[in-house]
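Line by line, the protein sequences are chains A and B. Residue numbers for the first sequence follow my numbering, so the first one is 1 and each next one is one higher. Residue numbers for the second sequence follow my numbering, so the first one is 1001 and each next one is one higher.
These are computed hints drawn from the structure, not numbers from a lab. Hints may be right or wrong, so weigh each one.
[Unchecked claim] Simulated crosslink set (SDA-like; lysine to any residue; CA at most 25 Å straight-line):
hint, chain 1, residue 1, chain 2, residue 2
1, A, 373, B, 1043
2, B, 1331, A, 368
3, B, 1390, B, 1283
4, B, 1288, A, 145
5, B, 1132, A, 375
6, B, 1331, B, 1345
2 protein chains.
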Amino acid sequence: MFEVKSIDETFHIIDQAFSNYYLEDEFLDIRQAVGRIASSDIFSKEDIPGFDRSTVDGYAVVSSDTFGCSGTYPAQLELSPEILMGDEAVRFISTGKAAYVPTGGRIPEGSDSVVMIEYCEDPGDGYIYIEKPSAPGSNIIFKGDDIRKDAQAVKAGTVLRPQEAGVLAAIGITGVNVKRKLRLGIISTGDELVEAGKIPGAAQIRDVNSYSIYAEATNYGIGARFFGIVRDNFKELLETTKIALQECDIIAISGGSSVGNRDETPEVITALGEPGVLIHGISIKPGKPTIIGKAGKKPVIGLPGHPVSAMIVFKIIVRYLIDTMNGIKRKYNPSLNAYMSENYSSNNGRTEYLPVSLVNTDKGFLAQPVPGKSGLIATLSRADGYVEIKRGCEGLLKGQNVDVMII
Amino acid sequence: MFEVKSIDETFHIIDQAFSNYYLEDEFLDIRQAVGRIASSDIFSKEDIPGFDRSTVDGYAVVSSDTFGCSGTYPAQLELSPEILMGDEAVRFISTGKAAYVPTGGRIPEGSDSVVMIEYCEDPGDGYIYIEKPSAPGSNIIFKGDDIRKDAQAVKAGTVLRPQEAGVLAAIGITGVNVKRKLRLGIISTGDELVEAGKIPGAAQIRDVNSYSIYAEATNYGIGARFFGIVRDNFKELLETTKIALQECDIIAISGGSSVGNRDETPEVITALGEPGVLIHGISIKPGKPTIIGKAGKKPVIGLPGHPVSAMIVFKIIVRYLIDTMNGIKRKYNPSLNAYMSENYSSNNGRTEYLPVSLVNTDKGFLAQPVPGKSGLIATLSRADGYVEIKRGCEGLLKGQNVDVMII
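Chain A on its own, in the form it takes in the complex:
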């Protein structure tokens, strides 16, 4: 008989069992790689910028020429020809001279400072009058200031964002090696299930999980494939799981994990060979009858048959598993600070995930537990997120600050 595991023990077991999952690379245009994971470090082959650039529209000067100047006693500097954007010729200025330079323009040799046009007067006499001293280095980005040659531009394991696409474009890299997407195989079990597109009989219900878990997977950036509804039949489930394991990295079998059911999932995991069942039952609410097993190197998950439980388990546990197999640790999850609209008592010895809706008020966001019996699928659709109530915590107080994980 398996002992029910805490959520922290569950994460630890997942870390141990699935951290070193191997995923091949694929090469993608950086514009298509957002959300994907860089599979190797990327270094810059050059200094960025490649030349000293002005950060303002202004006049390139020799800074010491401006020391002590003011509106009353401006520094008078002779105008050299204007610097044009993209002008490749090397320009010079020397003491006593200045040259107009646009934002992003190349600083002429000899200049060490740029004065913003706001502090310059140009009466049209061939001289520019500087009304404010400018320190050395002012308004200049020097060669290599942004990214130095040989510096790391992107670290292996980074989840790429538009920002990284920008950095890579800046260093001239327009394609990137990323880990290929994980693939989730979904199997539904249960004698009472019919396909969602069909009309259920008197005691039948539609198979919701093949849709909702598929959507969860694609929403989290991985691939998914549905392998059909399998009746509560050990042999058929074992064969379907074997087929799914050939194509997919993770198998999710939904239903069949409640004590009252025929409970083929753990038997199937055992029949697939070592290491077999790792976790049978997790002390979370909802989601207690979750099973995690390992067949070869691949996880086989028994998701609760109940759609709400299955989705919560996906968001809490399967996402963590996906991150682990992808080799990433998230620093944070998107959440919002809110305060509770009412008391909520928990105290059930399990970590509870309470669906709440959010209302924007003058005092910040108000988190309201979604009314209705627990486990109704419409409830989860009315929720904006959930509040985690730790095991051993007796509940939440009206007005209490809570972190709402956005779902």
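Starting from the structure of chain A, add chain B where the hints point.
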């Protein structure tokens, strides 16, 4: 001469100009529709569940038979045949009887309550002994409890999540009408630009925005197409913009919006006809030289040429524009509560967006301003998010609580 607009004025102008943008529908499988916007209300044609179901593994009883029972004086009830999952036959029980029902199983006619197996003893003598009174309705989800016939399952304008896929599958709807994706056309301008895949000359830089803004668009769920780098040349820019307007819903012209540049973008917007330029300059930092115009019904945006400014303007303003054209108002943006690692002085009369990195500490998340000169692209890549410092606010204090918008 245009007056610089505040960020709130900018949002207001966007609301007024682009709220009623028409987008055709497309019909998608609900598994592929996450992140898309439902284009019409969806109602349930049936009661969900379609029959009274047990929420536990237990015994269906007539509740009044259990009143007054206890561990010492259990209620003795005659066992009727077990209810099987998906069993379509109508079962009955009457007073003095009980029937085993699994989680999700159909409640037999005559029963109004289910007792969890934990509170039942089955010595195998054909009777079940109930040790705890069970109130009417206990552990039952009644027909229609989840979703009533004719109830709204999904509202028009909802951004679909896996939860909505679940609700729709439950009511037998596996395909959904959603608004087609907006398409962003990107044009880069600037005599100093070379394509990112090329080696820049001495005073040239790579065109970063065609990559980063493209990635921003696809990351935010819209389509994108790049129309090339256009030299600072009014006629060429006008022609390219006209071509882009034929295919795309939004045009983003990056570069050319600084005062020091040739500044063709506003002239091009004016040349495209009424209503023309709506906004020329926004009091935000970075991003001040942003232009928003309207050509026919479509927005033409002048993004700052600077990659960091362009990305921030995308995240703050273009995302808002996209939401507006999609007809949605977001209740919240993903953010994290954190406290400042140091003082930061702002007081520049503009709303400032300060890039910060996040460190997880015992006291919560610490927000650290990313070091380095402002405007370096590597800075934005080192940031986890940004803190908005409102116009007129003098800055942030060490230890102050801030909302970090995740980027």
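Hints versus structure:
Only pairs whose Cα atoms come within 25 Å are accepted, and residue 373 of chain A paired with residue 1043 of chain B is accepted, the gap being roughly 21 Å. Simply put, residue 1331 of chain B and residue 368 of chain A have alpha-carbon atoms about 14 Å apart, close enough for the 25 Å limit, and the pair holds. A threshold of 25 Å between alpha carbons decides the hint, and for residue 1390 of chain B with residue 1283 of chain B the separation of about 10 Å falls inside it, so the pair holds. Proximity of residue 1288 of chain B to residue 145 of chain A is assessed by CA-CA distance (about 23 Å); at most 25 Å being required, the pair is judged to hold.
With a C-alpha separation of about 23 Å, the suggested pair residue 1132 of chain B and residue 375 of chain A falls inside the 25 Å cut-off, and the hint holds. Restraint check: the Cα-Cα separation between residue 1331 of chain B and residue 1345 of chain B comes to about 30 Å, which exceeds 25 Å; the hinted pair is violated.
Of the numbered hints listed earlier, the single one contradicted by the structure is hint 6.
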